[in-house]
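Read top to bottom, the protein sequences are chains A and B.
Take 1 as the starting number for the first sequence in UniProt numbering and just add one per residue.
Take 1 as the starting number for the second sequence in UniProt numbering and just add one per residue.
In case anyone wonders, no lab produced these hints; they're calculated from the structure.
Treat the hints loosely; a few may be bogus.
Each pair may be met inside one copy or between any two copies, as identical chains are not told apart.
Said to hold, decoys possible - Subject to a maximum C-alpha distance of 25 Å in a straight line, what follows is the list of computed DSS-like cross-link-like pairs (lysine-lysine): (1) 145 with 95; (2) 124 with 104; (3) 124 with 145; (4) 95 with 226; (5) 57 with 95; (6) 110 with 139; (7) 136 with 110; (8) 57 with 124; (9) 57 with 26; (10) 226 with 104; (11) 95 with 136; (12) 57 with 139.
There are 2 protein chains.
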Amino acid sequence: MANELYHYSVVSSLMEGIGESGIPYKLLIQHGDHGLGTFRRMAGEMICLDGNVYQMKSDGSIVAIDSSAGTDVAPFAMVTRFRPTLTTPVLFSNKQDLSDAMTKLFPRTKNRYLAFRVDGLFSKIAVRTADGQRYKHEKLRELHKRQTTYEFTNIRGSLIGFRSPEFLQGVSVAGDHLHFISDERDRGGHVLDCVSDGEVQFSGAVMSTIHLQLPEDDEYNDAELKLDSDGIRVVEG
Amino acid sequence: MANELYHYSVVSSLMEGIGESGIPYKLLIQHGDHGLGTFRRMAGEMICLDGNVYQMKSDGSIVAIDSSAGTDVAPFAMVTRFRPTLTTPVLFSNKQDLSDAMTKLFPRTKNRYLAFRVDGLFSKIAVRTADGQRYKHEKLRELHKRQTTYEFTNIRGSLIGFRSPEFLQGVSVAGDHLHFISDERDRGGHVLDCVSDGEVQFSGAVMSTIHLQLPEDDEYNDAELKLDSDGIRVVEG
Numbered sequence: 001m002a003n004e005l006y007h008y009s010v011v012s013s014l015m016e017g018i019g020e021s022g023i024p025y026k027l028l029i030q031h032g033d034h035g036l037g038t039f040r041r042m043a044g045e046m047i048c049l050d051g052n053v054y055q056m057k058s059d060g061s062i063v064a065i066d067s068s069a070g071t072d073v074a075p076f077a078m079v080t081r082f083r084p085t086l087t088t089p090v091l092f093s094n095k096q097d098l099s100d101a102m103t104k105l106f107p108r109t110k111n112r113y114l115a116f117r118v119d120g121l122f123s124k125i126a127v128r129t130a131d132g133q134r135y136k137h138e139k140l141r142e143l144h145k146r147q148t149t150y151e152f153t154n155i156r157g158s159l160i161g162f163r164s165p166e167f168l169q170g171v172s173v174a175g176d177h178l179h180f181i182s183d184e185r186d187r188g189g190h191v192l193d194c195v196s197d198g199e200v201q202f203s204g205a206v207m208s209t210i211h212l213q214l215p216e217d218d219e220y221n222d223a224e225l226k227l228d229s230d231g232i233r234v235v236e237g
Numbered sequence: 001m002a003n004e005l006y007h008y009s010v011v012s013s014l015m016e017g018i019g020e021s022g023i024p025y026k027l028l029i030q031h032g033d034h035g036l037g038t039f040r041r042m043a044g045e046m047i048c049l050d051g052n053v054y055q056m057k058s059d060g061s062i063v064a065i066d067s068s069a070g071t072d073v074a075p076f077a078m079v080t081r082f083r084p085t086l087t088t089p090v091l092f093s094n095k096q097d098l099s100d101a102m103t104k105l106f107p108r109t110k111n112r113y114l115a116f117r118v119d120g121l122f123s124k125i126a127v128r129t130a131d132g133q134r135y136k137h138e139k140l141r142e143l144h145k146r147q148t149t150y151e152f153t154n155i156r157g158s159l160i161g162f163r164s165p166e167f168l169q170g171v172s173v174a175g176d177h178l179h180f181i182s183d184e185r186d187r188g189g190h191v192l193d194c195v196s197d198g199e200v201q202f203s204g205a206v207m208s209t210i211h212l213q214l215p216e217d218d219e220y221n222d223a224e225l226k227l228d229s230d231g232i233r234v235v236e237g
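Could you build the full structure based on these sequences and the hints that come with them?
Quick look at the structure:
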């Protein structure tokens, strides 16, 4: 269904470095045409737009994934059949500006998800790309230390992203999480900052229905995924 | 589909006392025949077994809900089409014993959900029932202070429950969460302790697919639901 979120695995699992197994791309794209994720052993950043999947690698290269053929898997991904309910020009001088604009465009949605997309000319896009695990189960915090960053100027492309509720941190990434890919499909990554060159086209939709698929393989099953939780246990114990 | 979990709202919302709105019972039971939940303004404990819904109130009375007729709503509920994949006799001298038995019966499932049911004769069942909110948005922690407790001895009935992953605390209740209802449908509540009288019948199933429905009403949208989350933000910011 349109604007329902298919959520494969949880961010807490990625944090623990669970990156060997996952959902085959060809199954993933049956659930959505718009989204984000990562690749086996966290080798780069995944972006999915208009049903096409791209791998944005730390060497700066972009690989178009043939998701019908590949047997390779994504250990984490979020996708939706994106059907924007609101489309409007926006103007922003940094990532926080864009975030503030979205909060105004979608009032009373902080406890639900947003899917969004921004298309146009950007005067600046700063990205990072994950380098991939150097050993099995290397944690995301370690990978983060050697991320590669790029800055693009005067570039046409698309931002693809999700806003996730604060209280679902650990399942998703709380707040705004967005990836970028150029119109030429030759530049992109996980967005650290973005500046629109004049007005660009924003489109978005609220998502209230989440299909969370927990992995079933032993790598996931054996991971130690934790969350401190005394408060709830007091009243529900 | 069998053994998929339909999850209406999140425990963090209940904790904040969001109890005026919810899912109509007749919609809820389209998603499952086995489950737990609560009622408008947290008036008692919900148990759903074999597709029948009961309200277990703090005065000790049990009301069979006509879910086809009612327009009333549940602010929180978890239900599944329960089709046990494992059925076996069990023996336990307290709730922890039962929990330990389940851990042995279902190895490598700690990061997924379990649905379970125990039927038979119990030498002791200790329950509590929530009293209901005395004012709008009274928090669960306050209700908890005046819960009513009951102890039943030599009683036939059913335990209906779920085990939820530790890292999903706040979405669900981490660990085991079970309600009891007697065969006579005249006693029950949220289980604090349970002792089997000899062997009783355990049945269970793993659940990996979760359909999380976030509410769309203003009461939910305006609630302040929080979870501290610095770690993930460091690597995903």
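- Task: Check residue 57 against residue 139 for me: Cα-Cα at most 25 Å, and say if that holds within a copy, between copies, both or neither.
- Result: within (18 Å within a copy, 47 Å between copies)
- Task: If the cutoff is 25 Å on CA atoms, where do residue 145 and residue 95 land: within, between, both or neither? Let me know, please.
- Result: Classified as within; 22 Å inside a copy, 45 Å across copies.
- With identical chains treated as interchangeable, where does the CA-CA distance between residue 124 and residue 145 reach 25 Å or less: within a copy, between copies, both, or neither? within (23 Å within a copy, 55 Å between copies)
- Intra- versus inter-subunit Cα pairing at 25 Å for residue 95 with residue 226: between (30 Å within a copy, 22 Å between copies)
- Intra/inter-copy verdict for residue 136 and residue 110 if alpha-carbon distance must be at most 25 Å: between (36 Å within a copy, 21 Å between copies)
- residue 57 and residue 26: within-copy, between-copy, both or neither at 25 Å Cα: For residue 57 and residue 26, only the intra-copy Cα distance (20 Å) is at most 25 Å; the inter-copy one is 49 Å.
- Since the copies are identical, ignore which copy is meant and state whether residue 57 and residue 95 lie within 25 Å (CA to CA) inside a copy, between copies, both or neither. Result: close within a single copy only, 22 Å intra versus 50 Å inter.
- With 25 Å as the alpha-carbon cut-off, assign the pair residue 124 and residue 104 to within, between, both or neither. within (23 Å within a copy, 55 Å between copies)
- Message: One pair to classify: residue 57 and residue 124, alpha carbons no more than 25 Å apart. Within, between, both, or neither?
- Response: within (19 Å within a copy, 60 Å between copies)
- Is it within, between, both or neither when you check residue 110 against residue 139 at 25 Å Cα-Cα? between (29 Å within a copy, 20 Å between copies)
- Item | residue 95 and residue 136: within-copy, between-copy, both or neither at 25 Å Cα | neither (33 Å within a copy, 38 Å between copies)
- Message: I want to check one pair: residue 226 and residue 104. Are their C-alpha atoms no more than 25 Å apart within a copy, between two copies, both, or neither?
- Response: between (34 Å within a copy, 20 Å between copies)
Of the hints listed earlier, the one the structure fails to meet is number 11.
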